[in-house]
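These protein sequence lines are chains A and B, in that order.
Position 13 of the first sequence, counting from 1, maps to 9 under our numbering, and the rest follow consecutively.
To convert, count from 1 in the second sequence and add 70; that's our numbering.
Among the hints, a few may not be true.
[As the list claims (entries may be wrong)] List time: in silico BS3-like cross-link candidates among lysine-lysine, alpha-carbon distance up to 27 Å:
(1) B:K260 / B:K491
(2) B:K450 / A:K157
(3) B:K407 / B:K417
(4) B:K313 / B:K465
(5) B:K350 / B:K313
(6) B:K350 / B:K465
(7) B:K240 / B:K350
(8) B:K333 / B:K239
(9) A:K157 / B:K465
(10) B:K407 / B:K133
(11) B:K336 / B:K259
(12) A:K157 / B:K152
(13) A:K157 / B:K239
(14) A:K157 / B:K488
(15) B:K450 / B:K222
Since the hints were made in silico from the structure, they are not lab data.
Please read all numbers here as calculations on a predicted model, not as lab measurements.
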Amino acid sequence: MSIVHAAPSRWRRREGLRALLWMSPWLVGFAVFFAYPLVATVYFSFHRYDLFTLEFVGLDNYRYFFADDRAWVSIRNTLWMVVFMVPAQVIFALGIAQLLTRVKAGAGFFRTVLYLPSLIPLTAGTVAFVFLMNPSGPVNQTLAFFGIAGPDWFGDADWSKPSLVLLGLWGIGNTMMIFLAALLDVPKHLYEAASIDGAGAWRQFRSITLPTIAPVLMFSAVTGVIYALQYFTQAMIASRVASGTTDSAGSTFVPGYPELSTLTLPQWLFHVGFRDYTMGYACVLALLLFAASMVFTLILLRRFRAFTDDEGGDR
Amino acid sequence: MHRRFISMALAVATATALTACTAGTQGAPALGSQPKPSGSGPAALPAGTIELWHGFSSPAEVKAFEDAVAGFRTKFPQITVKLVKGVQDEQITQAVRGGKAPDVASSFTTDNVAQWCNSGTFQDLTAVIKQDGIDLSVLPEVARSYTEFQGKRCAMPLLADAYGLYYNKKLMKGTTPPKTLSELTELAKKLTVRDADGDIEVAGFIPSFEYYENSASHFAPMTGATWYKPDGTSAIGTDPAWKELLRWQKELVDWYGYDKLNKFRKSLGQEWSADHPFYKGKVAMILDGEWRNAMIANEAKDLDYGTAPLPVADAKPELYGSGFTAGTVIGVPKGAKNPQAAWELVKYLTTDTSALVTLSNALRNVPTTKAALESPDLKKDANFQTFLDIFAHPKTSTVPASVNSAFNQDSLQEFLVKWEKGSVTDLDAGLADVDRRINDKLKLAGG
């Protein structure tokens, strides 16, 4: 009996080792780029660390988080971006893609024009956009031509976040192209059948288009939420350009201009870590961001699974 | 096996994390840890190469720095000095942390001095200063204060900035510059011109804390407002001088009307361009640094202007003549490969009268030693002399060194923006909250 059992056990072990060997590149990458940084972040979060000296402080960094007004402002701003920017981008990209499926003449031209902004490097695109939206810039001049007094888009705390959303919509090309591909993949005969049954455009969209492109929607929503949670470059550049702060040596620029309205959690994390050198506290914020990304992703996956199950009934 | 693998991976990761904490702490021998080379002349120093990082970036500034270092090269021909321009503070800190520190580094701001002293990013110069018998009393007290922290002198002052009042003589129409805050208010109102809608066309003085150089640190000496208590905690909420300053400022903002003032401020040209509103006669009086003299000479040659100390609180006439100062600092970072030669360069640039006068004449900043201030070679005119006098005034002050200096100033600035906007109903409570934030951050930093 023991011989009979030994052979499969050895075989299993050998197979296990082989599997590990094949997986080793991923395992090394996982250990170096995920496990180690995560463990190190947890470790440093219990320490006072200014890049030179390390001192165990227990939960002090976590306690400080509750007293840190700017952290809470940055969390509120980040959530605002998740709640308003992500749906706006998905709906806008889907709408544009839907329109593009209807365009017969010059389809290639329109697709190219609408995709072009996403090819511009983030920094250059943001700087250009802020100049366009300058209080006396081309956008406000155009509005003035129609008798509308344009706002101080990036200089007014009430308008700064919506302006960032507009900037996000401007560079929506990638998502739009993915939606376009998904929409063109929806079987035509379904629409024909629905049309014969008397379904209108909205009913067709709700009952055919949406369920068919649900996986793409889910992908866009999940990546959009993760992107919004990590929103950094555009807000940092826009606030710096709008505030007129020069990036000179000795500059003590604090992101979030005006009045911290564009301060996002990743920016604050970067600031406390690499400007203030309170690395232990920055690790607390990093863990919070990590946890928030996980929670949002799981919620979205669950929601979408329920959605596709209802429609597809494949479970 | 799975569980064992995870345990091993965690153990390895933790060990790496722990060892990572000590990375970058090894380096060359610390400054002053080795005896000074025998013989006191420059030739006694062994040959070597040192690298100096500085923040200057424009061609004229870079040339000025080269010219100042030229004297050192003549004095120490066996030392090769490499200059690296346009370096920011974060680069210095990260280079030191990464074990690739320059031999000498300078910074435009004094805000990081305390953090650098506290963390050991820059080496304590006390031992070599003593060894070389340098008398630090050649530096004004305020310049000494912003280059040390808790007994550690980890930097030397290279050049200083002093802040005062610039006024447009044409707009002033012969009026003498104000000496008190009430005179400033009165004159600002008198010189302001509005159009039929009440919009500002010319402002007498812009009191907004969001305007160019109008930071709390530059304004504070006008009422003698202090930043910290002796124990290092915030004094902003308890020092009545802050409230006096803010109430004066708000009264003037309200006279203009916040919205009108904001609209006017946003319509003005860039601070660092030839479109500066002071050059264009859009603002009659401004608070600015001595370096504006050099800019006016380059960008607005025909401007007829004068300079004076900033006005002070009516009840504190003894403050008149003083102002805010801070400046460029220079030191030897931890891990400098050739610390002794590095110190000789720092010593030369910060104590040699010829080097300081060369730099000052080229950059039009204030030299920091008394000998350089009194040197006949120092180019002076009445407008520049104002700032030399402000710098040398015994009541001239700075933001005292604190490990959270930048954060503390930002916290107050954030409150001031709300204050002038009218969003603050209880000044005492608002300032107390600024105190709380600063004190909480001090605890986080181990203060």
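A quick look at each hint next to the structure:
Restraint check for K260 (chain B) and K491 (chain B): satisfied, since their Cα atoms lie roughly 23 Å apart, inside the 27 Å limit. Between the alpha carbons of K450 (chain B) and K157 (chain A) the distance comes to roughly 49 Å, so the proposed pair goes past 27 Å and is violated. Restraint check: the Cα-Cα separation between K407 (chain B) and K417 (chain B) comes to about 17 Å, which is no more than 27 Å; the hinted pair holds. For a cut-off of 27 Å, the pair hint linking K313 (chain B) to K465 (chain B) stands: about 20 Å separates their Cα positions.
Taken as a hint, the K350 (chain B) and K313 (chain B) pair is broken in the structure, with Cα atoms around 33 Å apart against an allowance of 27 Å. Note on K350 (chain B) and K465 (chain B): the hinted pairing is violated, with a Cα-Cα distance of about 33 Å set against a maximum of 27 Å. A hinted pair counts as satisfied when its Cα atoms are at most 27 Å apart, and K240 (chain B) with K350 (chain B) qualifies at roughly 11 Å. Taken as a hint, the K333 (chain B) and K239 (chain B) pair is honoured in the structure, with Cα atoms around 25 Å apart against an allowance of 27 Å.
The hinted pair formed by K157 (chain A) and K465 (chain B) fails the criterion: a straight-line CA distance of about 45 Å is larger than 27 Å. As the CA atoms of K407 (chain B) and K133 (chain B) are separated by approximately 25 Å, the hinted pair is consistent with the 27 Å bound. Straight-line distance between C-alpha atoms of K336 (chain B) and K259 (chain B) comes to about 20 Å, which keeps the hinted pair within the 27 Å bound. Distance restraint check for K157 (chain A) and K152 (chain B): the Cα-Cα separation of roughly 46 Å exceeds the 27 Å cut-off, and the hinted pair is therefore not satisfied.
Taken as a hint, the K157 (chain A) and K239 (chain B) pair is broken in the structure, with Cα atoms around 43 Å apart against an allowance of 27 Å. Proximity of K157 (chain A) to K488 (chain B) is assessed by CA-CA distance (about 19 Å); at most 27 Å being required, the pair is judged to hold. Distance hint between K450 (chain B) and K222 (chain B) is unfulfilled; the C-alpha atoms sit about 34 Å from each other, more than 27 Å.
In summary, the numbered hints that this structure violates are 2, 5, 6, 9, 12, 13, 15.
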